[in-house]
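> Chain order of the listed sequences is A and B.
When we follow my numbering, the leftmost residue of the first sequence carries the number 1, and every step to the right adds one.
When we follow my numbering, the leftmost residue of the second sequence carries the number 1, and every step to the right adds one.
These aren't lab readings, by the way, just hints derived from the structure by calculation.
Every value quoted in this text rests on a predicted model; they were computed, and no experiment measured them.
Be aware that a few hints might be false.
Every beta carbon over 10 Å from chain A, so not counted as near; a handful from chain B, in silico [what the hints assert, rightly or not]:
(1) Ile35
(2) Gly224
(3) Phe311
Restraint ranges, calculated between C-beta atoms of paired labels, are given here [what the hints assert, rightly or not]:
(4) Ala20/A <-> Ile330/B: 40 to 48 Å
(5) Met342/B <-> Lys104/A: 27 to 35 Å
(6) Leu3/B <-> Lys52/A: 37 to 45 Å
(7) Lys86/A <-> Ala14/B: 35 to 43 Å
(8) Ala337/B <-> Ser74/A: 27 to 35 Å
(9) Thr277/B <-> Glu19/A: 50 to 58 Å
(10) Lys104/A <-> Ala14/B: 43 to 51 Å
(11) Lys52/A <-> Arg339/B: 17 to 25 Å
The C-beta atom is built at its ideal place from N, Cα and C for all residues, glycine as well.
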Amino acid sequence: MSNPNNLKYAASHEWVKAEADGTVSVGISNHAQELLGDMVFVECPTVGRKLKAGEECAVVESVKAASDVYAPISGTVVAINPALDKTPEAINTDPYGAWMFKLKPDNAADINGLMDATAYQAHVDSEAH
Amino acid sequence: MTLKQTPLNAAHRAMGAKMVDFGGWDMPVNYGSQIDEHHQVRRDCGMFDVSHMRTVDIHGEGVRTFLRYLLANNVDKLQTSGKALYSCMLRPNAGVIDDLIVYFMREDWFRIVVNAGTADKDIAWMKEQAVTHAPQLKIVSRNELAMVAVQGPNAHVKVWQVLPQTKAATEALQIFQAADCGDYFVARTGYTGEEGFEIILPASKVEVFWNALHQAGVAPIGLGARDTLRLEAGMNLYGQDMDETINPLEAGLAWTVDLKSERDFIGKATLLANPPTRKMVGLVLLDRGVLRGHQQVHCAQGVGEITSGSFSPTLEKSIALARVPKEVQIGDTVQVAIRDKMLDAKVVKYPFARNGKILSL
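Only chain B is shown next, with the shape it has when bound in the complex (with noise of 0.2 Å):
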């Protein structure tokens, strides 16, 4: 099968990476050493190429109505043009569709960022969703359209470098909030844990961008580092800490699901007659060694496994997501079973690092 290419593939290789088959996509694992990688994010800013994940814009009358039925979270918690959230989207047994990103512009338009990997499905879903609850919306697969992180503290200044036009509009920007300025849709998100900004724009466009934001000496990052960030920041990755036979709850996202208002939802009967008996905690390891996923992590309660697993640049101790029996208390002591050892690990509260600074050890 030929690996599907983003707009970036032959920058990339003139920048030296190595590539890897990402779910079918041909995608930079690393420039060189993915340790420095992470660091150079941490501590000044690199970019990503995520063009291979898909924008979806939803126009018509009554698009808010509909995504309050397709989300798990509330839409209504969006109320200021450019807000984003953060939700799952549900099969009516709760298990995970996709996780997302969707942004209110205006009532005739939201947009919805979601997952490469499953972004053709997640669209036969909404629009099979749309048949029945909102017939007259236009549910638009933005193909076209290519998509670049810059994250870490340096992150602002270099797009504004680059970008000059689109300060005005972002300087302003709240945490999760995006503005339109034209070709650029400028987003102050990002799946590192650090300051930084998405960027969609015209996928004629990016290879320019790309070379610009290199010129002003941001670095190319791969997936490698981009892996150990978001697992030190705590953020799920879908496909490994949760999919369709998880359900939020489970994952970690229960602050993502808004089962407080009257609002009903896809999933939300099956996550009321069904309260969890598993949760996410992270853990750290005491021993030495790596944690990596699907290992089993043996606790007084039960037996649980390991979902995301690395070594952690920042803390210089192997860290993971670890879904376990909700009984298992922050704290604890767990065995991990790696190869033919037990190695002990400490429970604790993730995210392990945020903007820059260790919180879990």
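Only chain A is shown next, with the shape it has when bound in the complex (with noise of 0.2 Å):
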């Protein structure tokens, strides 16, 4: 699966979408659910906590082992995705259709600091060596 083009991403391995209405969605990469495995539980941040980029925001655990997810950019969370909590498992199945959270961004420049789907793709590839 490649990293779709339109979104960006953090050296944490989260996803971030730009959203028409001023927001962004967050979810974590594909890399990151294939180094993680079967997922079995999300916690997501609660709604109106305020988050400073690359603070620890939500877990994500597997199988395996749980792991950290961090605020790609300074925010408030203004929704979380519910059906995670059912179905946590869409994570690997749709790593980019499974958002975790949005946040308002304190500002909304900020999303261009991040990593192109390009950029992103060669840290994962110097992380693997």
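Once you've looked at the hints, go ahead and assemble the two chains, each given alone in its own frame, into the complex.
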């Protein structure tokens, strides 16, 4: 599965999608879900929580291990994906559809500081060596 | 450090395995979905490469007498050729050096299968004890042997399909009994809580055997599912549920320690002088989350610790083995510290699942 070109990526393997309403959706990359394996539990941040870029804000747990998810940019949590409660495996089957939470960015331009799909793939390849 | 490889390394890669460093061995953790592999074993059958485990043969006059002293369980329970016994091997302070399976083949030949990560230490300890107690014995590490476990309700049929020459000798095997069929040592044992065989064979023949099983429709299963299967089956994992700092009575293994007979064995005096203050119980998480090793368990009687925890694909809940104060009772509700939360878990008897069925909820 290739990394969609319309998304931005953090070095800690979150993807970010700029939505039409000015918010951003956040999920974890295909590479991240492949590393973690079968997802069984997702803990999202509470709506209203203010996050700083790089802050631990969610947890994904696979059968194998628990892994932290970090805020890719600073902002306020405005929504979480309720479907992941019942179907955490959506992160495995549709990593770029299974958003975890939406942020209202403190600074709309911050998203430009993240990697594009090509840069992110290079980052993944470099971590593998 | 270069990882050690089993003779099936290339076969795993060819089957799409994700390989991981497992105690210095390059082993398959899964071939796709760990949960699917787990269900495959409970519902049909699957095969595991366990060639990293070590077979040790002890030959000579008086093996039985030596093992009566070396092991915490009593090999005098083994009177029929091929019968096997699960036992711990203890230090004098009763810490567990390893858990193992010992097979009685003949009075001058017992076979022991030990864990991969502890094999060298185990053999050194056996040899050290033999110097003073049984110098006539030959303790032989069979590094040239491989091992494949075929587990699940259809495991026997599949093995007989691939190795028809072993059928006559293995059809009537009892649970925990093995038959020596030439190149194939076939034991009705396993680490999943399902029916099945563990087959020890020459490394030179294992790839052909593995591929023949695959042709017969047996799916390869990685170490990930092996761990959730054994956890549901309530089987300890060395290094996680017990090690040299824990005695078997506090690791849920009292049933494997023979303290009744007059026989002396290494560790016995310490066990008799120190009644256990903790015990192993099962936990089922009532709240949402996943139990993991090393999480603290807060009980009315004190604090315990999870030794193994995961998501159980069969129960579709999180389960764990935990070492808690001995006064904790089955049915109690305890609190497990997970990150910044205290979550409720119920104390249950284990195993959680066996032979495809849920036992604890």
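> Run every hint past the structure and note whether it holds.
Hints and how they fare:
1. The claim that Ile35/B lies off the interface is violated: its Cβ sits roughly 5 Å from the closest Cβ of chain A, which falls inside the 10 Å cut-off.
2. Once the 10 Å rule is applied to beta carbons, Gly224/B is inconsistent with being away from chain A; the minimum gap is 6 Å.
3. Not every C-beta of chain A lies more than 10 Å from that of Phe311/B, the closest at about 4 Å, which undercuts listing it as non-interface.
4. A C-beta distance of roughly 55 Å is found between Ala20/A and Ile330/B, which places it outside the suggested range of 40 to 48 Å.
5. Our hint of 27 to 35 Å for Met342/B and Lys104/A holds, since their Cβ atoms are close to 31 Å apart.
6. Under the hint 37 to 45 Å, the C-beta atoms of Leu3/B and Lys52/A, about 39 Å apart, fit the expected range.
7. The hint said 35 to 43 Å for the Cβ distance between Lys86/A and Ala14/B, and at roughly 36 Å that hint holds.
8. In this structure, Ala337/B and Ser74/A meet the distance hint of 27 to 35 Å, their C-beta atoms being roughly 29 Å apart.
9. For the hinted restraint 50 to 58 Å between Thr277/B and Glu19/A, the CB-CB distance of approximately 57 Å keeps it satisfied.
10. Range check, Lys104/A to Ala14/B: Cβ separation about 49 Å, and the 43 to 51 Å hint holds.
11. A hinted range of 17 to 25 Å holds for the C-beta pair Lys52/A and Arg339/B, which are about 19 Å apart.
Consistency note: the structure conflicts with the earlier hints numbered 1, 2, 3, 4.
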